Amino acid sequence: MGVSCQILINKPKGGHSPGQSVNGVVKYALDQPLEVNCVMLSLIGKGYCRWSESKTVNKKRRTVYYTGKEEYYKTSINVIEKNSDEVQIIPVGSYEIPFEFFLPLGIPPSFKGYHGYVSHMLRLKFKRPGIFKIDKRFFSEFPVRSCINGEAEGPLVFGVEKTLTKPFSKRKHVVNLKVNIDKTSLTPEDKAHLDLVVTNDTSITITDIKSELIQRITYTANCGRTNVCDKILKQSTVKSTSIPNDAVANLRQEIATLPDMVSINTKVIKVEFKLRVTVRLPLPHLNAPVEIPIVIGEKLEREESPEDDPPPSYWEVMNEEEKVKE
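The sequence shown runs 1 to 326 under full-length UniProt numbering.
Pairs of lysine-lysine, PhoX-like flavour, derived with a Cα cap of 20 Å:
| id | residue 1 | residue 2 |
| --- | --- | --- |
| 1 | 210 | 239 |
| 2 | 74 | 46 |
| 3 | 267 | 74 |
Hints listed in this document are in silico derivations from the structure and should not be mistaken for laboratory results.
Nothing here was measured: the structure is a model prediction, and the numbers come from that model.
Whole structure, please, built from the sequences with the hints as guidance.
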């Protein structure tokens, strides 16, 4: 079957957003007549994950594979005119067909991870008649941006207090940390601004205050099995200087996010971020951490509702009807 095809998508700057139009042109050419039931152009959004684990069963090692699949939306149109269910023959030639779809609201952004992905694509399928004839498929992916509903929450205060044990000391040794964050909803490449108040009411020197951004990706198979991957993002790690005993320190730290960071919450793939601020103490004392969950994505701009515009006048409606008649 001699079929060549291009799916050309008009891509807005920065990628498509939920609720936005996806439009363009499908171009295909045939070097011989082609029998089809239909030629379907589909807008598809789906998530997929897969990983393997080694297990011992009856003293034998074997590999078990886990897979998760999820379809977020699918919209299809037949791009050839067809008046019946009979087989249609497409003549030799070149064809151009414009198209337009609209992305649903609330869909996850595009994502590619080690064990899975979230993909948005257009698929053109030539549905062939008969059992032994293979359908011809063409694909074109496009990026969808991450969008956050609502206003950024903040400022918020988090904290941790730790009492140190000192043998043969009647004094109470306490380390207190208060973290004030200006907002917990960030856009990619935005910065989280942290105002820290550290009270070191002990006889030891605090090593430093370490702030780091942590990414957690959770893959979930259809059977419910999960695979959790935590990653400390070294590009977004900040350390302070040491804090002497019996001192109060006021610090300000900025934690940067990266362009490809997005929060995702779907059935098969979940991407979460948290800021971990740690009071690091010398041995044998244990460190005192506090964790702050954050969300990363672009702000969803509110479109004007049709209710905000006044209804058309009677004469405007009548003029439109006259134009249609002409």
